[in-house]
Amino acid sequence: MEPYTIDPATQHDNSLKVLVRFHGGAFTEGEAEASIRPFFLELALKHGAVIVTPDYRLRPEHEMAEGIEDIRSFWQWVERDAQQVLRKSLLDLELDVANLLVAGESAGGYHTMQTALLNMTTLPIKVLFVQYPSLDMEGLLRLEDELGQAGAEESALSSVKVPYSAVEDYLAALEPGKVCARAKFGTRMHIMSAMLQAKRFCDISGDKAWIDPMTSLETAGKLPPILLYHSKDDEKVPWTHTERWVTKLKELQPDVPLYLTYQTGEHVFDKNHTMETPWLKEPLEFVQKYWPARHDA
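Quick note, the sequence shown lines up with residues 1 to 297 if you use this note's numbering.
Bear in mind the hints are in silico, worked out from the structure with no lab data behind them.
It should be emphasised that the depicted structure is a prediction, and the values quoted were computed from it without experimental measurement.
In this text, a Cβ means the ideal position worked out from N, Cα and C, and glycines have one as well.
One thing to keep in mind: the hints can contain errors.
[Stated by the list, open to error] Calculated lysine-lysine pairs in the DSS-like style (CA-CA distance at most 25 Å, straight line):
id, residue 1, residue 2
1, Lys222, Lys208
2, Lys271, Lys222
3, Lys271, Lys281
4, Lys126, Lys289
5, Lys236, Lys178
6, Lys199, Lys161
7, Lys248, Lys126
8, Lys289, Lys250
9, Lys222, Lys126
10, Lys248, Lys232
11, Lys208, Lys232
12, Lys236, Lys222
13, Lys126, Lys236
14, Lys208, Lys248
15, Lys281, Lys46
16, Lys46, Lys248
17, Lys236, Lys208
18, Lys184, Lys236
19, Lys250, Lys222
20, Lys236, Lys289
21, Lys126, Lys250
22, Lys250, Lys271
23, Lys161, Lys46
24, Lys199, Lys236
25, Lys271, Lys289
26, Lys184, Lys161
27, Lys161, Lys232
28, Lys232, Lys178
29, Lys222, Lys248
30, Lys126, Lys271
[Unchecked claim] Derived DEER-like restraints, expressed as beta-carbon distance ranges:
id, residue 1, residue 2, range
31, Asp233, Pro254, 23 to 31 Å
32, Glu235, Asp92, 46 to 54 Å
33, Tyr170, Thr122, 32 to 40 Å
34, Glu79, Lys250, 41 to 49 Å
35, Lys289, Ser15, 39 to 47 Å
36, Val160, Asp81, 38 to 46 Å
With the hints as extra help, turn the sequences into a complete structure.
This is the structure:
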């Protein structure tokens, strides 16, 4: 696992706020430094923040639990080693890890939420910035059963049939022991489809139930403020999965500050949006109520 830091061009002082971002890619693809949304770059520049974004092990070479283990290891690195890494290139700067925003899109939104739900870090997270996440793993695994039924939730991951033999053939051709933590966007979505359709994407039974955020929410500690958004036209992850998770959140932790908004467009509808995009203005105002925090507040 290699964390990548993207340094802001302007500094307000010698202390860098921290924006952690987890990439998406249907848990099967993605690269840490790729496809960072323009508004995140602008937000970092505005507040003198550093963006820290890690890779993590991907399906199908690895199980979901191994990717989550990498996220845990990443947080240990942030807590113990990140400052020393920064000093190698920027001697006079300090990481203000008490000023922490955690964000992610799609699969990265899953890892963002699980960071808090599974209490992966002792650092004080000021706000979670969660974009069209996968928060209902049981619902994802159920998509194939419900396909074609009246009122069923649809997903492009289920509509185009891909035999599981595509996954088996791919794995059979791999070098034994090969680790995969990076893959180009758009190159392996058929693998995700095959795993979902065969109900072999992930195991959330028994002692693995915590892999589903619907379950990990039940034992989570007090959550930080959350910005959460999803498109009602999402062709990959049904927006109703987010709605189910939010309903449960309001039952279990009704006092958590939450800004929830549903938009329109494709799954990654915000990929070219900036801080000046009209619909983003209120959500970003919500985020900036909590991050960066003033230490004298």
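Check: Checked against the structure, which of the hints given earlier come out wrong?
Finding: Hints 2, 5, 11, 12, 13, 16, 20, 22, 23, 28, 34, 35 contradicted; others consistent.
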